[in-house]
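A.B. asks: Below are the chains, spelled out letter by letter.
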Amino acid sequence: MTGKAAPGQASRRGASGAGAAFLMLAPFLFVFVLFFLAPALQTFIMSLTESSLTRTNAFIGLANYATLMHDPAFWNSLRHTLYFAVLTVMPLAVLGLVMAMLVDHFQRGRSLLQASFFLPFVLPVSVMTLIVDWMLHPAFGLVNHIVGGERAWLADRDWAMPAVALGTIWWTVGFNMLLFLAALRNIPADLYEAATLDGANRLQLFRHITWPALRPTFGMALILQLIASFKIFGQTYILTGGGPFNTTRVTLHYMYETAFVQSDAGYAAAIAMAFVVVVTCLSLSQIGIMNWLGRRGG
Amino acid sequence: MASVRLRGIGKSFGDQEVIKGIDLDIADGEFVVLVGPSGCGKTTLLRIIAGLESPTKGEIDIDGRRSNDIAAARRGMAMVFQSYALYPHMTVAENMGFALKLAGVAKEEIAASVSRAADILQIGHLLDRRPKALSGGQRQRVAIGRAIVRRPGVFLFDEPLSNLDAALRAQTRVEIARLHKELKTTTIYVTHDQAEAMTLGEKIVVLNAGIIEQAGTPLDLYARPANRFVAGFLGSPRMNFLDAQLESIAESDTLLVSVRLTDGTLVHVAANTNRAESGTSVTLGVRPEQFTVMPRDPAPGAIAAKVAVIEHLGDSMIVYAQVEGMPDLMAVKCGADAPVPPVGSGISLAFRPTHAHLFDPHGVAFAPD
Amino acid sequence: MRSTAALPWTLVALTASAALALLWLAPLLWAASTALRPEHETVSAVFHWLPQTWTLDAFAKVFAAGSLPRWLFNSALVALLVTMLTMAVSITAAYAFSQMTFRGKRWLFALSMIAFMLPFESLIVPLFRLMNQLRLIDTYAGIVLPQLVSPVTIYVFKQFFDAVPGDFRDAAVMDGASPWQVLRYVYLPVSGNIVWAMSIVVFIGAWNNFLWPFIVITSSEMMTIPLGLTQTQDAFGVRYAQMMAAALLGGTPVALAYVLFQRRVTEGMLAATGLKG
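Chains as they are written, first to last, in our numbering: chain A, -5 to 292; chain B, 2 to 370; chain C, 2 to 278.
Some clues are possibly wrong.
Sample of chain B residues with no beta-carbon within 12 Å of chain C, all distances over it, derived [said to hold, decoys possible]:
| # | residue |
| --- | --- |
| 1 | 29 |
| 2 | 55 |
| 3 | 82 |
| 4 | 91 |
| 5 | 199 |
| 6 | 227 |
These stretches of chain C come out as covered by chain A in the derived footprint (C-beta under 8 Å, 3 or more residues) [stated by the list, open to error]:
| # | segment |
| --- | --- |
| 7 | 110 to 122 |
| 8 | 126 to 132 |
| 9 | 142 to 150 |
| 10 | 158 to 167 |
| 11 | 174 to 187 |
| 12 | 241 to 254 |
| 13 | 260 to 271 |
Worth flagging that the hints you see were computed from the coordinates, not collected in a lab. For clarity, every value in this text was computed on a predicted model and none was experimentally measured. Cβ coordinates follow ideal geometry from the N, Cα and C atoms, glycine included.
For reference, chain A alone in the conformation it holds in the complex (with noise of 0.2 Å):
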């Protein structure tokens, strides 16, 4: 008959609460302890030693980011990581926000537009190789009967990563244009119509309704953009496999070499630590920017 726990605390109530939502948990726990947490540690105390891709073999300290420091390689990689990043994002951004508010402005035919600027989106990432390979052709492709001549875009060095890009831009911008969607959705008809009767043409609606309102949004999708367009492998692996002369070949592609080619696992450890810090550098500069925007935005 004692008194039961301090004020604050909820009692326990039998045995059946935390063995039930273990059980209920025990799945998702399965999964994440064994293919996320443990090679998430590992990733890092690989990084730490020197081994390959099968085997380790000494433990060498900071070692290989010492190298890492140093590696040219490394460095051009995240220089053409963002490269292509400055291609993609704001491109990206502006796009997507002009495709929102070009299928926000119509009731008919809405979804039909909507689904081709989205479809490209839902494709994996070889069709849309495949299918940007074709048009780049040199000698049959679409794109050089339209410009002219009979350039190897893919092959050449100051074009290879804007083609990449551009490819990117068609591939994704789908997303932009919705999240662009659902925060135009969000701004109330009633301001529109009130600054129209009082006299504000469209440029002026813009100006002073929806752009305020989607600002906060707009530096979303950038953050959002930036941190995707770290995180590319597919498309510049399969289109141009890095070349030419590893004028496209980014981090990611850089550290899956060092690890599956040169078999270097505990350098490529290391390079993918650098990877994830850069990353939630990125991530967490999102929400600082978001906060700034808010507060500017109102």
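Following the hints, put chains B and C in place on chain A, whose structure we already have.
C.D. replies: Just chains B and C now, with coordinates in the frame of chain A:
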């Protein structure tokens, strides 16, 4: 059938202490009403009894057995929720038979039990409908039906009538009372409506800010409220309160006490004040139906007032009058045929000393002995 | 949506929309046009927008070559398994996080959401090792298992379950339901739409997954479509019609899923980004 016993029940959410120590005995077959204003903890207490919340301290015994650690699903209680909580994707029959289905009862038996309960509540014709095709009153019956089917030891009602319109509310009140007479199941009923409490409860428990103000039969609480809160909570229109000061205590069998109001009037009340001294601030309480309207020319012991508003209810009349020095209007209940005093006229409010209540500075009643 | 537009603006919008839509559909239309013509027309010196001779020859050849049907099967199986298992894993976890109490709940949830930020790409080396040790390289289990960790799906379901009024759960508990029964009889039935939406999104994602299958699959018979298609370039050489036919065949299932369930896909994708539609 089951009895329920609460000892020292307390509940805190974080730093907020919602229930502060409640002892309560509910006998087998009793209809107990937990009543009080919003936030008094009555619903929380009900949920603790149900097992949906765990008390922070205290013991619950069901049928004499300590039940703190028994899960809600196994306490043998059925609950009717304020929102009815009918499963939207199931038919009425499936809603009502759900508990039995979970218990593994045979389909024929479930159907029989469901149709029995449906007959009692006259919803047999709704068995194949979904909740969204039902009216509020029908949903309410289904909710009750769902509780009945299980033949539980205790019925728990959480403000079941608050979502119904006035006419339906009165009708359903009567039906719930009839149901209790027929099924004789222990019932714990939560409401904020004092009329429901008065009419349905065999025992009323008035709750305020997490403690029990008073528990007893309805008429007991009405005639002999233990404190100002209970006195003001039960009864509509509310009991009239006037500020006063103890003047003198008559040494006589009837324990008459003289009390001076703010406007100087001296009135008499039958109360046991042997612990108080002259000059103490007290509160005089008189129910609207205990006042009689007299013409001006104050008789000794009557209170002078001026008519402010008159409400004609058809079966009765309520005269609201302003007493000098009191911010609230006094309400007086008169018969429909009583003479109507003109608004603005002066009147006298008379009452019998034995029909008034006196409260000490802390709000506790000086009970008439 | 907007009030009656002035005529010039509607024209502008119409023209812009038509132009952009055409531009966006062009690659697919061009791929189709290529696939529907005989091989020699794809490499002819004279450019033709449309086939001079319409034929399904390329498609037939792609099927006959043997591997594509196999890859389609693999993709379908993997995508279905991933979808069903991810739903099972995520819904139970989401329900536990949403409706059950246990010590360390907030911790665990925060940890799984942080996992959301960690890119899967950084795990491929240890995952490969693990699969190697478990002898699951080049097996369906090896392909499917790592794809079941989906914090986004858990998050979406948790948000949804949180929004269901607690009275239904309480009523079911009073009716004697165990947590599993509450999930099965109360929460699942009301979450039909969101289950559909997320299932389709997960299915499309699983079908399109490239990186992990690329790492863990080593034989041609086990390849999924995204992988198999990368082989076509070498396999078909300069048979462009067949390449386009393969591409279209490989993309049709997901394209069909999208077209048929357009609204649900939209719903699911928006839920996954945390925005309400």
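A.B. asks: Could you tell me which of the numbered hints above are not met by this structure, giving the numbers in increasing order?
C.D. replies: 2, 3, 4, 10
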